[in-house]
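Q: All residue numbers for the sequence shown refer to our numbering, where the first residue is 26 and numbers rise by one.
Since the hints were derived computationally from the structure, they do not count as laboratory data.
Keep in mind that this is a model prediction, so the values were computed, not measured.
Be careful, since some hints might not be right.
As the list claims (entries may be wrong) - With a Cα cut of at most 25 Å, we get these calculated SDA-like pairs of lysine to any residue:
(1) K96 / H136
(2) K53 / Y101
(3) K96 / L173
(4) K96 / H152
(5) K53 / S176
(6) K53 / I100
(7) K128 / V65
(8) K170 / H136
(9) K128 / L173
(10) K177 / G67
(11) K53 / G97
(12) K96 / T54
(13) K96 / V86
(14) K53 / D85
Said to hold, decoys possible - Listed next, with one range per pair, are the computed distances between beta-carbon atoms:
(15) T84 / A165: 17 to 25 Å
(16) H105 / E68: 27 to 35 Å
(17) E139 / P106: 32 to 40 Å
(18) D103 / E129: 39 to 47 Å
(19) G135 / P99: 33 to 41 Å
(20) G135 / K82: 32 to 40 Å
(21) E132 / G97: 18 to 26 Å
(22) R75 / A38: 15 to 23 Å
(23) M159 / R75: 16 to 24 Å
Heads up, the beta-carbon is just placed ideally off N, CA and C, and yes, glycines get one too.
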Amino acid sequence: MFRILCEGEEFPAERARALEQAMEGFVKTDANLAIEFIFVDGEEIRRLNREMRDTDKVTDVLSFPTMDGIKGEPIYADEHPFEIDEEDNLLIGSVAVCCDRAKEQAEEYGHSYERELHYLLVHGIMHCLGYDHMTDEDKAEMREKEELILSKLGITRA
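Given only the sequences and the hints, what does the whole structure look like? Please build it.
A: What follows is the structure in structure tokens.
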């Protein structure tokens with residue numbers, strides 16, 4: 026099972042449950058995998074980017090994975106005892122999304138804020154699961170996984 030941990034109005038519980046269902050079966054696991062979503066403004070994402078990545082600029086999304094070397098691999102709770110939270114979830118990481126930047130990008134790309142927000146959240150999840158876009162091959166693989174999850178949600182590029 027996949028659990029999304031977030032608070033606030035930006036991503037209501039029904040959307041979180043839908044994304045959890047879309048992620049179901051994506052990773053072979055014996056645990057409840059959990060990810061934390063945090064929604065911030067431009068100033069906060071810039072601070073996080075500066076402090077965590079030594080890059081002093083606003084960005085759209087930052088991911089903070091808790092585990093390395095898990096891309097495409099089964100994730101078993103007994104192999105990651107330090108990532109188990111108080112509710113017995115195996116925390117794969119945290120994702121910070123800049124809502125201001127997501128709104129700007131939705132307008133730039135000519136699609137809805139909902140589509141952009143979901144894309145950024147799924148993108149962050151993929152980073153926490155070990156996917157990246159450093160090479161063209163890695164980028165194509167990651168985009169394919171992202172689009173698969175978004176299509177399960179009924180969110181397309183159109």
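Q: Each of the hints needs a verdict: does it hold here or not?
A: Results of checking the hints against the structure:
At roughly 30 Å between alpha-carbon atoms, K96 and H136 are farther apart than 25 Å, so this suggested pair is violated. For the given pair, K53 sits about 8 Å from Y101 by alpha-carbon distance, which is consistent with the 25 Å threshold. Distance check on the hinted pair: K96 and L173 sit about 16 Å apart at the alpha-carbon level, within 25 Å; holds. Our distance criterion of 25 Å between C-alpha atoms is met by K96 and H152, whose separation comes to about 9 Å.
Distance check on the hinted pair: K53 and S176 sit about 20 Å apart at the alpha-carbon level, within 25 Å; holds. For the hint pairing K53 with I100, the CA-to-CA distance comes to about 6 Å; that is within 25 Å, so the pair holds. At roughly 12 Å between alpha-carbon atoms, K128 and V65 fall within 25 Å of each other, so this suggested pair holds. Taken as a hint, the K170 and H136 pair is honoured in the structure, with Cα atoms around 20 Å apart against an allowance of 25 Å.
Restraint check for K128 and L173: satisfied, since their Cα atoms lie roughly 23 Å apart, inside the 25 Å limit. The suggested pairing of K177 with G67 is violated, with an alpha-carbon distance near 30 Å, which exceeds 25 Å. Under the criterion of a C-alpha separation no larger than 25 Å, the hint pairing K53 with G97 is consistent with the structure, at around 9 Å. Simply put, K96 and T54 have alpha-carbon atoms about 13 Å apart, close enough for the 25 Å limit, and the pair holds.
Restraint check for K96 and V86: the C-alpha separation of about 19 Å stays at or below 25 Å, so the hint holds. The hinted pair formed by K53 and D85 fails the criterion: a straight-line CA distance of about 29 Å is larger than 25 Å. Separated by about 22 Å at the C-beta atoms, T84 and A165 satisfy the suggested range of 17 to 25 Å. H105 and E68 have their C-beta atoms about 33 Å apart, which keeps the hinted 27 to 35 Å range intact.
Taking the beta carbon of each, E139 and P106 are about 37 Å apart, inside 32 to 40 Å as hinted. Distance hint check: the CB atoms of D103 and E129 are about 43 Å apart, consistent with the given range 39 to 47 Å. Between G135 and P99 the Cβ separation comes to about 39 Å, which falls inside the hinted range of 33 to 41 Å. For G135 and K82, the hinted distance range of 32 to 40 Å is not satisfied, since their beta carbons lie about 24 Å from each other.
For the pair E132 and G97, the beta carbons lie near 35 Å from each other, so the given range of 18 to 26 Å is not met. At roughly 32 Å, the beta carbons of R75 and A38 sit outside the given window of 15 to 23 Å. The hint said 16 to 24 Å for the Cβ distance between M159 and R75, and at roughly 22 Å that hint holds.
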